[in-house]
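Asker: One letter stands for each residue in the lines below.
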Amino acid sequence: MKSSDRRSIIEGHDLTYEYLHYDDDGNVDASYRALKGVSLDVKEGQFIAILGHNGSGKSTLARQLNALLVPSGGTLFVDGLDTREEKNVGAIRQAAGMVFQNPDNQIIASVVEEDAGFGPENMGVPTKEIWERVRKALKAVGMWEYRESSPNRLSGGQKQRVAIAGVIAMKPKCIVLDEPTAMLDPGGRAEVIRTVRELNRTDGITVILITHYMEEVIYADRVLVMDEGAVVMSGTPREVFSNVRALKEIRLDVPFVTELADRLKERGVPLPDGILTVEELTEELEKIRHGDQNRAS
Amino acid sequence: MLKDMTIGQYYPGNSLIHRLDPRVKLLGTLVFIISLFTFSSISAYALATVAVLTVVAVSRVPLRYILKGLKPIFILMLITILFNLFMTPGTAVLQIWKLKMTEEGIRFAIHMAVRLTYLIIGSSILTFTTTPNSLTDGLESGLGWMNRLHVPVHEIAMMMSIALRFIPILMDETDKIMRAQEARGADFQSGGVFHRVKAMVPLLVPLFVSAFRRANDLALAMEARGYHGGAGRTKMKPLVYHRKDWIAFLVMAGYVAAQILLRIFVKI
Chain A
0 MKSSDRRSII EGHDLTYEYL HYDDDGNVDA SYRALKGVSL DVKEGQFIAI
50 LGHNGSGKST LARQLNALLV PSGGTLFVDG LDTREEKNVG AIRQAAGMVF
100 QNPDNQIIAS VVEEDAGFGP ENMGVPTKEI WERVRKALKA VGMWEYRESS
150 PNRLSGGQKQ RVAIAGVIAM KPKCIVLDEP TAMLDPGGRA EVIRTVRELN
200 RTDGITVILI THYMEEVIYA DRVLVMDEGA VVMSGTPREV FSNVRALKEI
250 RLDVPFVTEL ADRLKERGVP LPDGILTVEE LTEELEKIRH GDQNRAS
Chain B
0 MLKDMTIGQY YPGNSLIHRL DPRVKLLGTL VFIISLFTFS SISAYALATV
50 AVLTVVAVSR VPLRYILKGL KPIFILMLIT ILFNLFMTPG TAVLQIWKLK
100 MTEEGIRFAI HMAVRLTYLI IGSSILTFTT TPNSLTDGLE SGLGWMNRLH
150 VPVHEIAMMM SIALRFIPIL MDETDKIMRA QEARGADFQS GGVFHRVKAM
200 VPLLVPLFVS AFRRANDLAL AMEARGYHGG AGRTKMKPLV YHRKDWIAFL
250 VMAGYVAAQI LLRIFVKI
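Chains A and B, in that order, give the protein sequences.
Mapping the first sequence onto numbering that gives the first Met the number 0, position 51 (from 1) lands on 50, and the numbers just tick up by one.
Mapping the second sequence onto numbering that gives the first Met the number 0, position 192 (from 1) lands on 191, and the numbers just tick up by one.
Source of the hints: derived by calculation from the structure; they are not laboratory data.
Using N, Cα and C, we set each Cβ at its ideal position, and we do this for glycine too.
Some hints could be false.
Here are the simulated SDA-like cross-link-like pairs (lysine to any residue), alpha carbons at most 25 Å apart as the crow flies [to be verified]:
{"id": "1", "chain 1": "B", "residue 1": "Lys-175", "chain 2": "A", "residue 2": "Lys-135"}
{"id": "2", "chain 1": "B", "residue 1": "Lys-234", "chain 2": "A", "residue 2": "Asn-151"}
{"id": "3", "chain 1": "A", "residue 1": "Lys-170", "chain 2": "B", "residue 2": "Leu-219"}
{"id": "4", "chain 1": "A", "residue 1": "Lys-135", "chain 2": "B", "residue 2": "Met-221"}
{"id": "5", "chain 1": "A", "residue 1": "Lys-170", "chain 2": "B", "residue 2": "Thr-233"}
{"id": "6", "chain 1": "B", "residue 1": "Lys-236", "chain 2": "A", "residue 2": "Lys-247"}
{"id": "7", "chain 1": "A", "residue 1": "Lys-135", "chain 2": "B", "residue 2": "Met-235"}
{"id": "8", "chain 1": "A", "residue 1": "Lys-172", "chain 2": "B", "residue 2": "Thr-233"}
{"id": "9", "chain 1": "A", "residue 1": "Lys-170", "chain 2": "B", "residue 2": "Phe-248"}
{"id": "10", "chain 1": "A", "residue 1": "Lys-127", "chain 2": "B", "residue 2": "Lys-70"}
{"id": "11", "chain 1": "A", "residue 1": "Lys-247", "chain 2": "A", "residue 2": "Gly-290"}
{"id": "12", "chain 1": "B", "residue 1": "Lys-236", "chain 2": "B", "residue 2": "Phe-248"}
{"id": "13", "chain 1": "A", "residue 1": "Lys-86", "chain 2": "B", "residue 2": "Arg-114"}
{"id": "14", "chain 1": "B", "residue 1": "Lys-70", "chain 2": "B", "residue 2": "Gly-143"}
{"id": "15", "chain 1": "B", "residue 1": "Lys-236", "chain 2": "A", "residue 2": "Pro-125"}
{"id": "16", "chain 1": "A", "residue 1": "Lys-86", "chain 2": "B", "residue 2": "Leu-217"}
{"id": "17", "chain 1": "A", "residue 1": "Lys-86", "chain 2": "B", "residue 2": "Gly-228"}
{"id": "18", "chain 1": "A", "residue 1": "Lys-135", "chain 2": "B", "residue 2": "Thr-233"}
{"id": "19", "chain 1": "B", "residue 1": "Lys-236", "chain 2": "A", "residue 2": "Val-277"}
To give a feel for the contact side, a few chain A residues facing chain B, derived at Cβ under 8 Å [what the hints assert, rightly or not]:
{"id": "20", "residue": "Tyr-18"}
{"id": "21", "residue": "Leu-19"}
{"id": "22", "residue": "Gly-73"}
{"id": "23", "residue": "Gln-93"}
{"id": "24", "residue": "Phe-99"}
{"id": "25", "residue": "Asp-103"}
{"id": "26", "residue": "Ala-108"}
{"id": "27", "residue": "Val-110"}
{"id": "28", "residue": "Trp-130"}
{"id": "29", "residue": "Glu-131"}
{"id": "30", "residue": "Ser-148"}
{"id": "31", "residue": "Asn-151"}
{"id": "32", "residue": "Leu-153"}
{"id": "33", "residue": "Ser-154"}
{"id": "34", "residue": "Gly-155"}
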């Protein structure tokens, strides 16, 4: 199935958002435009990555998707529901679950299984089904063995997986992860990304991953690069990373291998654009070496 | 420093007392405390002693561990006893300078000491055998009727359980801030009590700032997961009374009846 045949889960058109600052009398005395006309269309089952530096508006965009913030201008439909309508909020939050940056500040209960059950409890799911959902969700993220543990005893990566389970237990169609790995060590980061990819591939859950780690976006179907409240680049990871210079201009780093390949190319090594993994680079270099040998002989 | 406090902590176990419904334990503790203050004869205290020791034995929490919990209130108890000894008017037994120790005072002091000790022991058995979570669950459903008096029972219980969850996190954070300040020359170790307390003040500002930030994040995360107060919520672990809970209620009633009978028929 081609992605264009699929149903859109998120449709945003010309979104703007302004943060307002009020003076003591309650009048607006300052405003800051965090989003300046962002449009996006995410199909069911896609893995989308949103890249951007601090203050690029990516977190603001994420919060729109869960109706925690409502657009100041433009329209946003999540699972066909308008986020500006008050009555849709419950359904939208169930359809698009959200995982935040700090694992400690989003785990509500003091036992892992109870935290996973928090969302379904809020939705009014019957007790028996809550347990069913909690079991499935914790198994999906590989935290079932820890169901009776206190979150305080877990590592950062494990806590973040519990937070993801808490969202999955609500049976969302889409998960929005707002820099879920920013506070984790490399091991924890890999753990979380592996879990998210797994969910995307096996359960077909749409994933929107917001990050500023380039290594995490190479598996995405599509990458959006944001800067100063607007989408400045969009395409497959390979397309986006072939533009090393433009990325550097908006203070984003490219993956180390991509940068290495880019520098080699500058020195005259005939490499293609947008190399993403070490394997690709070694393969390309092997080809060149063989080519040289062939010519030499 | 805080780790030595056994009072208010959970003692993991799987005894009958541990497995009782938290509402039963809450009511039991309440009944026990009320009985301490209404029945104050020697025979009543003897019965209370038997009751406490039986519950402790069944709960399999070591008695030594429970008595350790009395340490922090030792000074409070001493002050109460001294005040009662010397400030109660009556027939003097002993006179030191202007202070008179009275017969009534001695009796009163003994009463107070026994009551306080049993009060602490009784409530620590509750906290030793009940996880903070089931305690708040028990309070929430046990006090559900107060909703009709417009007391936000669910919200209070939710606040309590969140507070309990964040205690270790904030303790960790305090530790981190302390070390960061020590690295820059702050001194929390030397000097008298007053000096050390004063040195703690600069800890509070960063701690409060961070607590507010966490509260903000948590509120957002709860909202994102569809939290909208207690209405329309279901329970993952609903409280249901089992046979052992009904039996515990009967035992409780038996205890109260025995106390009343003692009061009527035994005059000491």
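Asker: Each of the hints needs a verdict: does it hold here or not?
Answerer: Hint check results:
no., hint, result
1, B:Lys-175 <-> A:Lys-135, "37 Å, violated"
2, B:Lys-234 <-> A:Asn-151, "23 Å, holds"
3, A:Lys-170 <-> B:Leu-219, "19 Å, holds"
4, A:Lys-135 <-> B:Met-221, "21 Å, holds"
5, A:Lys-170 <-> B:Thr-233, "16 Å, holds"
6, B:Lys-236 <-> A:Lys-247, "52 Å, violated"
7, A:Lys-135 <-> B:Met-235, "15 Å, holds"
8, A:Lys-172 <-> B:Thr-233, "22 Å, holds"
9, A:Lys-170 <-> B:Phe-248, "41 Å, violated"
10, A:Lys-127 <-> B:Lys-70, "45 Å, violated"
11, A:Lys-247 <-> A:Gly-290, "32 Å, violated"
12, B:Lys-236 <-> B:Phe-248, "22 Å, holds"
13, A:Lys-86 <-> B:Arg-114, "56 Å, violated"
14, B:Lys-70 <-> B:Gly-143, "35 Å, violated"
15, B:Lys-236 <-> A:Pro-125, "11 Å, holds"
16, A:Lys-86 <-> B:Leu-217, "23 Å, holds"
17, A:Lys-86 <-> B:Gly-228, "16 Å, holds"
18, A:Lys-135 <-> B:Thr-233, "19 Å, holds"
19, B:Lys-236 <-> A:Val-277, "49 Å, violated"
20, Tyr-18, "15 Å, violated"
21, Leu-19, "18 Å, violated"
22, Gly-73, "21 Å, violated"
23, Gln-93, "6 Å, holds"
24, Phe-99, "6 Å, holds"
25, Asp-103, "6 Å, holds"
26, Ala-108, "7 Å, holds"
27, Val-110, "7 Å, holds"
28, Trp-130, "7 Å, holds"
29, Glu-131, "11 Å, violated"
30, Ser-148, "13 Å, violated"
31, Asn-151, "5 Å, holds"
32, Leu-153, "12 Å, violated"
33, Ser-154, "14 Å, violated"
34, Gly-155, "13 Å, violated"
Comparing the model with each earlier hint shows violations of hints 1, 6, 9, 10, 11, 13, 14, 19, 20, 21, 22, 29, 30, 32, 33 and 34; every other hint is respected.
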